[in-house]
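Mapping of the first sequence onto the numbering used here: position 11 corresponds to residue 77, and the numbering continues sequentially without gaps.
No lab work stands behind these hints: they were computed from the structure. Every residue gets a Cβ at the ideal spot worked out from N, C-alpha and C, and that includes glycine. Check the hints yourself; a few may be wrong.
[To be verified] Derived pair list, reagent style PhoX-like, types lysine-lysine, alpha-carbon separation capped at 25 Å: (1) K261 to K230; (2) K181 to K261; (3) K225 to K242.
[As the list claims (entries may be wrong)] Label-pair restraints from in silico Cβ distances: (4) R126 to E175: 18 to 26 Å; (5) L247 to V177: 23 to 31 Å; (6) S76 to E320: 19 to 27 Å; (7) D151 to A239: 19 to 27 Å; (8) R254 to L85: 27 to 35 Å; (9) K202 to A90: 13 to 21 Å; (10) E320 to V177: 22 to 30 Å; (11) E235 to E307: 18 to 26 Å; (12) K242 to A116: 36 to 44 Å; (13) T296 to K261: 13 to 21 Å; (14) E320 to K181: 34 to 42 Å; (15) L186 to Y128: 17 to 25 Å; (16) T296 to D276: 37 to 45 Å; (17) V79 to D148: 33 to 41 Å.
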Amino acid sequence: MKIATWNVNSLKVRLAQVLEILAAQNPDVLCLQETKTEDANFPLTDITAAGYESVFCGQRTYNGVAILCRGKPEDACIGIRDFDDPQKRVIAGTVSGVRVICVYVPNGESVGSEKYKYKLDWLARLNAWLKQELIKYPKLALLGDYNIAPEDRDVHDPKVWEGKVLFSEPEKAAFKDLIALGFVDSFRLFDQPAKSYSWWDYRMNGFKRDLGLRIDHILLSAELAKRCKTCSIDRPMRSKERPSDHAPVIAEIEM
DNA sequence: ATGGCTTCATAGTGAAGA
């Protein structure tokens, strides 16, 4: 089973690239974040024509998440249970016996801001919910844009990023708290190239200068982690004409 | 340099992302 995640930064703008990934990678699951598309405008016809089912919840301008998958997703649910969040950041569904949760963690703007507080609160609520979900679904995959670079090696210059949003200690602690639930960072199960990143700023030639961060992750429950065979970042997608600022992350699990 | 680039909503600029 091949599962993938990509922050598309507008599904409307990136639809052709999404279809390209589906055709080239043939993933069983593709989680999307920042679709920025209301449900009425979701490109269902194109997704269906590509041979994929989907569940989605979007809003205009900001946020929006979707799961594209082979076979019908079961027990789809939107949001974090018992957390009334108007921002569309979480969607889940069961695909071939695997519980897939697609998350778009808040950006946080800057350390100490209101949005930063919202981010940390949001992560705490996500954690509390996932603790229960892991019991309910031993085969659980948590894919998405976490907006957290967990370690020094996930940042092009840890000194520059020290204490900054995406790399502050409370955010890294929140990531560790997810790991403490029993999740495994699938990317680090394998030897990886140095300077492996999943996001590069549009500004200042961030990609050309390789000033990246690894903030998109595929976390797996123990039961899935022991079956995981590969995990990689599709860096070439960031070189495309009119790219997203994120690259997809893809993992393969032996079922 | 609180800038840099991209998208969206909107009709000239402003918010937000990371």
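Status of each hint after checking the structure:
1. A threshold of 25 Å between alpha carbons decides the hint, and for K261 with K230 the separation of about 19 Å falls inside it, so the pair holds.
2. As the CA atoms of K181 and K261 are separated by approximately 28 Å, the hinted pair breaks the 25 Å bound.
3. Restraint check for K225 and K242: satisfied, since their Cα atoms lie roughly 20 Å apart, inside the 25 Å limit.
4. Between R126 and E175 the C-beta distance comes to about 20 Å, which sits within the given range of 18 to 26 Å.
5. At roughly 24 Å, the beta carbons of L247 and V177 sit within the given window of 23 to 31 Å.
6. Distance hint check for S76 and E320: the Cβ-Cβ separation is about 34 Å, which falls outside the suggested range of 19 to 27 Å.
7. Distance hint check: the CB atoms of D151 and A239 are about 21 Å apart, consistent with the given range 19 to 27 Å.
8. A hinted range of 27 to 35 Å holds for the C-beta pair R254 and L85, which are about 30 Å apart.
9. In this structure the hint that K202 and A90 lie 13 to 21 Å apart at CB is violated, the actual value being about 34 Å.
10. Hint check: E320 to V177, Cβ distance near 41 Å, so the stated range 22 to 30 Å is violated.
11. Checked against the hint of 18 to 26 Å, the C-beta distance between E235 and E307 comes to roughly 38 Å, which is inconsistent with it.
12. Restraint check, K242 to A116: a C-beta distance of roughly 37 Å satisfies the suggested window 36 to 44 Å.
13. For T296 and K261, the hinted distance range of 13 to 21 Å is satisfied, since their beta carbons lie about 19 Å from each other.
14. Separation of E320 from K181 is about 40 Å and conforms to the stated range, judged on CB atoms against 34 to 42 Å.
15. Here the CB-CB span from L186 to Y128 is close to 19 Å, well matched to the stated 17 to 25 Å.
16. At about 23 Å, the CB distance of T296 to D276 disagrees with the hint of 37 to 45 Å.
17. Between V79 and D148 the CB atoms are about 34 Å apart, so this pair conforms to the stated range of 33 to 41 Å.
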